[in-house]
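Chemist: What follows is the residue order along each chain.
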Amino acid sequence: MAAHRCRNLACLLLLFLSVFLVTMSQETTLGHEQHATAVGDPQTGAETKHTAEKPRVEEKRWEETKVKATTQASDTAVLTKTQVNEDFQEELVIRPLHSGDIYASFQFRTVWETDFMKGNKVSHYRLFPKSLGQVISKFSVRELHISFTQGYWRTMQWGQPFIPSPPGAELWVWFQDSVTDVDATWKELTNVLSGIFCASLNFIDSTNTLQPSASFKPLGIGNETDHRFLRYATLPREIVCTENLTPWKKLLPCGSKAGLAVLLKSEKLFHSSFHSQSVHIRPVCQDRQCKSSSWELRQALNVVFDLHTSGQSKREWSLFKMFSRTLTEACPLASSSKIYIDVTDNPQEEQFELSPATPLLSQAVVLGDRRTFSVYDLTQQVTFGTVRSLNLMIRWKSSEGDMLRPLLHAERYVAGYGLQTGEIHTLMYNNHPFRSFPVLLLDSVPWYLRLYIHTLKVISKGKDNNPSYIHYQPSKDRERPHLLEMLLQLPPHSVTEVTVQFERALLKWTEYTPDPNHGFYVGSSVISSLVPSTVAMETNITMEQPLFSSFFPCKEESSYFARVYTEPLLVNLPTPDFSMPYNVICLTCTVVAVGYGSLYNLLTRSFQVEEPNPGLAKRIANVIRRMRGVPPL
Amino acid sequence: MAAPLTLLMIVAVTVRAVLFRSSLAELISERVEVVSPITAWKRVIEGLALLDLGVSPYSGDVFHETPLIIYLFHFLVDYAEITFMLADVVTAAALYAAAKDYNKQVFRKQKFALEADRYPPDCLELIRTPLEMHYVPLKVAMFYLLNPFTILSCVAKSTCGLNNMVISLFILCTVKGNVLLSAIFLCLATYQSVYPLTLCAPAMLYLMQRQYIPVNLRRVSFWWFVVQYLFMYLGSLFVLVCLSFFLLGSWDYMPSVYGFILSVPDLTPNIGLFWYFFAEMFEHFRLFFLCVFQINVFFYTIPLSIKLKEHPVFLIFMQLAVISIFKSYPTVGDVALYMAFLPLWSHLHRFLRNIFLVSCVLLACSALFPVLWHLWIYAGSANSNFYYAITLLFNVAQILLVSDYFYAFLRREHHLTYGLYLKKKDGSEATLVLK
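Order-wise, the sequence lines are chains A and B.
Here our numbering is used: the first residue of the first sequence is -17, the next is one more, and so on.
Here our numbering is used: the first residue of the second sequence is 9, the next is one more, and so on.
I should point out that these hints are in silico values taken from the structure, not numbers from a laboratory.
A quick note: this is a predicted structure, and the numbers were derived from the prediction, not measured.
Hints may contain errors.
Computed beta-carbon distance windows for the label pairs [stated by the list, open to error]:
no.: 1; chain 1: B; residue 1: S389; chain 2: A; residue 2: H500; range: 13 to 21 angstroms
no.: 2; chain 1: B; residue 1: L371; chain 2: A; residue 2: S450; range: 49 to 57 angstroms
no.: 3; chain 1: B; residue 1: N391; chain 2: A; residue 2: D446; range: 14 to 22 angstroms
no.: 4; chain 1: B; residue 1: S389; chain 2: A; residue 2: E405; range: 20 to 28 angstroms
no.: 5; chain 1: A; residue 1: A599; chain 2: B; residue 2: A121; range: 46 to 54 angstroms
For every residue, glycine included, the Cβ atom is placed at its ideal position computed from N, Cα and C.
Required output: the full structure, derived from the provided sequences and hints.
Modeler: Here is the structure:
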């Protein structure tokens, strides 16, 4: 009882504090705007003052929102459920990359406090897409992650993406432990998702489905980690195009009519170096105590534009140039709608110039690094200015930028020549100068490349590096792929090379793809790791954070979770002659018949002295003589 | 006789040891003609590695050897080269002893027949002389030990060498008249690769001949012997199967070894007829042709046994040849085993019709296998049809070889009954034809 009263008191206190802070922050923002207009041409002294001031402003704003959330949570009992427990946020992060490319990452997040399970029939949908809700309840899905990617994310040049994904399609699902026949449910689910996303997910069958034992832990709440309920599959050959984007956009509450989604025009999105769209459904905590859970649907779209080389010699970009649209409003259903622009490398504006300038700056710890962002809040009318449209623009001043090597990256290739055997090499780089860290390597190899696990070699710095954990599941012909999972320790500042030999199988002529000499794809290796972080990570999952920094839950402050996908491999197999089936059947059967015939001959006949054949005339004469009744000649 | 045999063995072991030490060993062990998916040493090692990882070797589709082999090499993996050389030497010794014993019996029988005056008078040049027969066992051992096929098979550490050893020990025990050991070794051979099952018939025929039991379906003694032999055979098979079960604690090996042999899921090219045929087969005829091809191996047992019931050792030779031609994953090691018997039938040479052609074809094919493989797999300038054509030719040559020997054998038997120089009714020289 006392505790309850204390909480009420705290709520009141927080409410009061929030009002106070809101006024404070408004004041500081205003003050800053005045300052900016007054200074006009920023000088170094004033600028440092700026940056010192801005983070504090943003921190205050976060505190404000957090307080709001807490007060809302305490008021749920009073308010009607459907209005309060559903929330939609949208966000666009733009990060200029060192290579001169532009990385734009859209994230849309719908959170709904409802229960799809236990026979609870949910029929009233508001923001959450009904098609996915029905999928969750029908197939007892606990977590669903699906991504479609065109192009390969170049970790070495671009750093880590906010949400990593392998080329092609990737799907991994945790089922509830109430599911009895997981394989059948999985098969049905892939077919349904194939329909929803207009993708070839129906090609997922037992030959490319895995049950990783350690690499894919649930990202949402719940500590059930029995990997019998996990299914993972990739289709490295899947081509992603407009027909996948349209159904994906339809899942958004505003569709592509309003908000950030108006930028998602396929003619521009697919004219890019990298395009990845994904859907992630998971249960998340509502509050710090995690008393109640809600379902989170996160739709992410990552795209890398190669503006530098595409025609214009000038290095500059704008929203209009990238997406051929400008923004005019936020999605009216969204509780928050923001654009973040990464300006960490540009504190003095010496690298590029951002227009229109924004007064808001924000700092976030993302992927082990503290980054500074300029923030545009689309829910504020003032963002759109007098022209009622926002067309962000960056003009580069200098072209050089120092490459920050990512701490972890990996690559993979096939070695050897000929069509009989080969060797898969996976290289993992730890670029940390003094710390080693563990990585989990997941390799999935189709059955027609027969791996020889006794040839597995792990070498770092010229020495054998024995994996501390190996989970190997050999393949079954035409049934399941090879699965190799290893826990490795990467020494600091080193390259670790994993090699394993394989043998190429000759398939039945009907098992080849229509273009067999193009080769067969082998899905990316997945490297999951806890990479040492340079700054303290935020471990409080319920705290209000920008969406891009809150995807992977963080358990400890000193490291962050990163997943790196290697290139998919393209491997040639020996092929039979596809025009020959009749000939081969005829010829082989002939040889068998020669064997049978000669043995049959010798078995059934006996040796006899050859008597000369009487001539034809004589035989005819004998016939006539027999008719006449006279003895033959 | 022991000295030449010892010398031969020393030479054979030296050749093998030198090849093991050379860089060729690696190359040979990758050759598809020498190793099949069942017998490949690489796969045995893989099975052991899987066992070390705590995974059942039969959970995947790489290892297809029997549990006894994996158990054997669990201890002998470091002495694999010696084991395989020893296996070849034992095989040669067993074949040598068996040939010697068989020759003695042939000679004795011939003597009885001569004394009983059963041969026609003009057949004296068909009668075998002790001088001619003296070197036959040594030649048999030499044909096995110095056959390039055997050497390649041994250097590749193909477990085919072990199967050959078991089969040759079975032949030795049968020829020596040891019923129990014969049944046990036959069961071991069957356990290793199913097909030697057909050797049951010649073994029983030979043992009955030795014990003077007439091959007559109406006689109780005949059936009693058959039941005895089958009991021993099936009993030891049962023991082996159960032993394998207890070694690994599961029945997984059954589909993985025998299902693999019979259903031919692995279409890796080899010298046999199966791989390309089933790679190019229409899906709904696959089962039908699979049955036809597998029955084909077992099909000849009964007619051959009826025709050759007086000559079980020649029947063993015929059966081994049929198995090595028509089995699902043949290697050159299988060919080498039945080729070792050829000196035993050296007295048939005057009746062979196309031995020159056949040996030329066999030699040419053996040379062309690696060439066309290289053109297909490495150079990319040929396709699978080239290699397939050579396997076809190789098999036709083998079939011709076997049927030629069969013809010659039957013809000699015919001459021994009816005389060598047959006359027509009109007194002119006659020609023999099969009718």
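Chemist: Against each hint, give a clear statement of whether it holds in the structure.
Modeler: Checked hints:
no.	hint	in the structure
1	B/S389 <-> A/H500: 13 to 21 angstroms	holds, 19 angstroms
2	B/L371 <-> A/S450: 49 to 57 angstroms	holds, 55 angstroms
3	B/N391 <-> A/D446: 14 to 22 angstroms	violated, 41 angstroms
4	B/S389 <-> A/E405: 20 to 28 angstroms	holds, 24 angstroms
5	A/A599 <-> B/A121: 46 to 54 angstroms	holds, 47 angstroms
Checked against the numbered hints given earlier, the structure breaks only hint 3 and satisfies all the rest.
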